[in-house]
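Please build the complex by placing chains B and C on the supplied structure of chain A, with the hints as guidance.
Residue strings, one per chain:
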Amino acid sequence: MSLDATYTREIPLVEGRTSFKEIDDVIAKPTETKPSIKWFIAIGISSTALLIGAVCLGLTFWYGVGLWGNNQPVGWAFDIINFVFWIGIGHAGTLISAILFLFRQKWRTGIARFAEGMTIFAVMTAGIFPAIHTGRPWLDGYLVPYPNQHGLWVNFTSPLLWDVFAVSTYFTVSFVFWYIGLIPDFATLRDRTTSGIKKAIYTALSLGWRGSNRHWQHYERVYLILAGLSTPLVLSVHTIVSFDFAVSVIPGWHTTIFPPYFVAGAIFSGFGMVSTVLIIVRKVFDMEHIITINTLDKMNKILLATGTMVGYAYAMEFFIAWYSGNPIEQFTFINRAFGPYSWAYWIMFSCNVFFPQLFWFKKIRRNIPITFVLVLLVNVGMWFERYVIIVTSLTRDYLPSSWGMYFPTMYDFGILLGSFGLFFTLVLLFAKTMPVVAMSEVKAVTEGAQPKHKHE
Amino acid sequence: MIGKILKKFDDRFLKSEPRTGDLYAVAALFDTPDEIIHAAEKVSGSGYKRFDVLTPYPVHGMDGAMNLKPSNIGWVGLIAGMSGTSLAFLMIWWMVGVNYPNIFGGKPFFNLPASIPIMFELTVLLSALTLAGSLIAIYMKLPSNANPLMDTEFIKRVTSDKFGIYIEAKDPKFNKDEVEAMFKQLGSSSVSFIHEAVYEVGDTKNPLLNTKFLGALIGSSVITVVITYLVLNVLLFLPPFNWMHYQAKVLPQSESKFFKDGWSMRRPVEGTVARGFIPYEFAGMPDSMVVPTPNPLPVNQKVLDLGKKRYDTYCSPCHGFYGKGDSRLRGQFPVPPTLHSEKVMNWKDANIYHVITNGQNTMPSYASSISRDDRWAIIHYLRVLQRSQNAPDSDLEIK
Amino acid sequence: MQQPIIAPLYNTRQKEALLLGWKDNKEVNETIYRDYLASNWEKALYPAMGAAAPFKKFWNSALHDGVVFLNEKPEAAATAFSADAFASAPKMKSSNDFAVLLQGNNTVGDGRFASNGWLQELPNPISKIVWDNYAAISVQSAADLGLNTNDTVDITIGSKKQTFPVYINPGMADKTIEISLGYGRTAAGAIGTGVGVNANVLIAKNPGLTERFYNNASVSAAGGKYELATTQEHYPIDSDPLLKEIQFRRGIIRQGTVDEYKKNPKFIKEAGHKMDLQPINTPPVYDREGFTGYKWGMAIDLNKCTGCGACVTACNVENNIPIVGKDQVIANREMMWMRIDRYYYGTPDSPSVNFQPMLCQHCDYAPCENVCPVAATTHSEDGLNGMAYNRCVGTRYCSNNCPYKVRRFNYFDYRDRVGDGIQYAEPLNLMANPEVTVRSRGVMEKCTFCVQRIMKERQDAIQEGRGVIGANVKTACQEACPAYAIEFGNINDKESTIAKYREHDLGYSVLEEIKVMPNVTYMAKLRNIYEPLNIGEKKDHGKDEKKTEEHK
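Protein chains in written order, with the numbering used here: chain A, 62 to 517; chain B, 3 to 401; chain C, 197 to 748.
Source of the hints: derived by calculation from the structure; they are not laboratory data.
Computed from a predicted model, the values in this text were never measured in an experiment.
The C-beta atom is built at its ideal place from N, Cα and C for all residues, glycine as well.
Any given hint could be a false lead.
[Stated by the list, open to error] Some chain A residues close to chain B (C-beta under 10 Å, calculated; not the full set):
id: 1; residue: 123
id: 2; residue: 218
id: 3; residue: 220
id: 4; residue: 401
id: 5; residue: 511
Looking at chain A on its own, in the form it has when it is part of the complex (with noise of 0.2 Å):
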């Protein structure tokens, strides 16, 4: 069994006849040399961000989560949005490294390992906010199926238990995931190493890799098999995310068409995410050779695809409403475009649907400026989206009487904040600390890495 297959080849991947080592030395780069002072400004704003939400999170353990802006009606808003938008966040990862994979898009290597890195750093964002929102966080252990002393299990009817398995389960098999690709690189950097402690660290993460090929037939197999997982993983994380809203009985939640929708949204948020993430690291750390512009250009039209998409749900859900002849229904998608929270769904409908339909350009999908601004809408209108779905369906439910308008504090605004902190804080020590290109990967798509086939 073997990685490779025989592709046509458009661009090639890596650019210009880099050799294995100069790989080495570019990727290794950041682990062995001092940080720049770009870096330390960078994880100084993402600290302090981390540093404001920590406060923030501390006070609401300390006086309860009346101090968000949640009410009546409303009884979920940041908390979740955030949540939801994280937990969106953290799909281009595994999509990236395991759809592209089995579908042997080679330019994924590229971008894999960091964007892997990414879907961890945002599962561990997401995953504290269903932890943090419940009313008495001390007592999360509840939502754990364990023996105690009333005898009592969960209940596996409820979607939010379904999100514990889903979440708890999908940071694991990203968590290694990620872990098996990382083990050949840490061989590398161990070997080349000068540092005793960063031997020592990185000599017990490889466990003693040599890249032998009596390993390299397991590894291989486990990997695809592993990417086989994840795929229905990754989609099954999403949708049952969207049961959370899917399953329940208010209008403008109780949607069928939630899955594939959700799963479209995280693709295309997660990418956005990631391009934003790439386009910065690519110039930092001086990996335009590795991390391509072909790269870039790929995943704006996946962003324009998965994008065409999500406008699609709008209109379908507009459309159903309409056919489904259930006036409460209908009331709530009017209410949703022009009721008091229109500003909100026409920023999601813009930055989601029409700001991406640029990318037909190909000037435009290989220009990097336009292409920062673009992907930068794209994270804000996703995390509208998230809060159209959330806050407008719950501020006018079914009785008129129980109808009630949400408000955000600064708290929950400190907590948004500090949830970018805690991300891009592990992203940046992440680069700094770890191979953020898969080294092995990467060698093994560049020009003349194969031998000639002969035995095939």
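Structure of chains B and C alone, referenced to chain A:
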């Protein structure tokens, strides 16, 4: 301080002394994937068994060149995944279907469609973890940092940009010179001899038995246990974490600092009459003043059953199950006289009612514990007891 | 006759006892007034009754019953109504003047109950405003003055002037302002101090009219803002076709006229076509678990409900529900398990109102139960939707998924938060019902159908060796309702009143079409007017007519 620690790490991990142990293997480096494929074919074709090819990335066609059997690790994943599915199914079915059924929204106790997401997740989880675990521990036999290849120039090249092959000295066909000649003939850019490392006395080969390592392990586990204990048993019960143990309300039978008598329970205000509680008008009067009233309850099985129940509950501890005054309190309370005395036998029902209601001598009032009807039922039952314990011979004749 | 239910908590004296003590120069104690009363009854009333029982027995039964019946003749019937009496009523002094009516408040009275948080937080039946008084003004007059709700307004009567927040109240007469007294107190403890605006300053001698009514007030916008807290945000009467009469179209309120009912008693059940959505009678997906023994249900008669809110307060008291304060009501976090929804229809000048007490519907297919991950809310076999507070981690998912939005979440520890933690302080903890758990922050709660009273009945039934009798359980709201609009009991007992209510032709449940099978039945409102109410008729009436023509 930090510099000292770093120096220690450098000393331990970066020093490379010439190895003096036995020969472990002969290793050769090649520059291109084609050369290494050719070398692997040659080595496996020559009948060597204990050899291996080391490459920085998987090279296509190497399995065939090395004559390796296809990997069967896929079966491990399949079996683990299937056990994940059935484990999840059994877990949910047992927990909500058998052990603690609960009604959720009128659905059946065990609900298969709702169980599918978790069954799927556990399938993937178990499969992935087992695969990764067995890959590392069983198939690749990692971690193996003590391998003699570690820290050699050879391994430093093969994890970066060269392709390496080595034949172990333990191979039955091994001959140092032959192997070296073969590698050179195949076009190797460098052939090296790898020796086993020799460990000084006290420096064990097994890092798990190192005293420092063991000490660190035990120390960290103790710290973990203590922290876990403190978090679960102390921290989670400190404010602001509220478990509703303290209730801002006054419970019956509890102390109150607010009231002078220290009791949380309050009596009705003296002289008031609550609904359904008209005071007993003969309270405090001697027996002789009681106006005789007939027993309002009929004598039937139901009333007698009720009477027996109440008698056994309230009266029998002192008066005994048969009213003989055989107290079960073993002298902790004065033993009352028998209920089969001439006096009690001749009392009107109303007199007995009066005694239950008001008390007599050391017997307290039972007015607050036994309802009116129950009192009359007890009296019926007491008459039955009296008749049964003092039955005349005529009662025993079969008619 | 009234009796004390608790002895004085503090070292206080009864005013009657004091007077008696001074009059007779006796030592004042707890019993002298009672003895005085009893001896008076013995001398004056007892002989007149000609009762056979001794006085002590008579006295006790009088205390027990609370009333004695004397053979007195009714007073003469009222004389005929004379419309001429209004002829001399004063008119408005000039066309720019406003009429101002000062009234005792329906909850805090003239201010004597201002320190009672439950009353401060009981919404006004019409405006649903809490913790404030306000100048209620008609829609037209507000438009003339350019005012909106939450603006402030200066009201000047003669030399007296005060500034009030404005509330636009549909149905008010034009050029008329109504203001509640009893607010703006300066020394009413932790709860009552500084709540609302003192309207007493406007009171003056008012020849020709009363001190509570003025026809010479001048009103002008003060230009400020003052936020009023309301428990029902939705603006009362909307011209927006999406929102107009939404309560009828969604099947929340059903009503008709007496004539319609006489013609066809089943017209409410058959009037599903008047709603946007018609319930479809499909068989349930699952057989319901349980409910074979007794099953609890409630019926609320909308014809009897006056919207007074006595049930809400009774529920608050019975179930240890905290008050949350004005800021939290503004944040939509009031804790009342029961609320009275107010719906308007008609025109802003002469609207009609429907009141609907809304509480947990204890649905057979409760959507809240399905989504709770920790099994904190489950169904009992007797049809109750239960809440295990100790198990609740506070995800709020149940509240989101409740179509009736009757679940309440403790966003803070409100007992600690309001009025310097007065609800935790020593004498107030005596007020808490010992049978009901005091909930901490982070816990979801909702109506339990007074499960503690159901448990009491079960206990009595076991002790008495009989089955549970549904009619023996009276919920707190049911007991408090002055109009007997609430009925509760075992719906599986087909002879019981509640079962008959449930089977009644006027009975319906709210949002029937979503099929959650509520156990609260509402009796449709019948209005005693001659014209049929054309509410909720479908707009595409023309289409239906065409269809019938085609049939011909």
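Do the hints match the structure? See the list:
| no. | hint | verdict |
| --- | --- | --- |
| 1 | 123 | holds, 5 Å |
| 2 | 218 | holds, 4 Å |
| 3 | 220 | holds, 8 Å |
| 4 | 401 | violated, 32 Å |
| 5 | 511 | holds, 5 Å |
Hint 4 from the list above is the single one not met by this structure.
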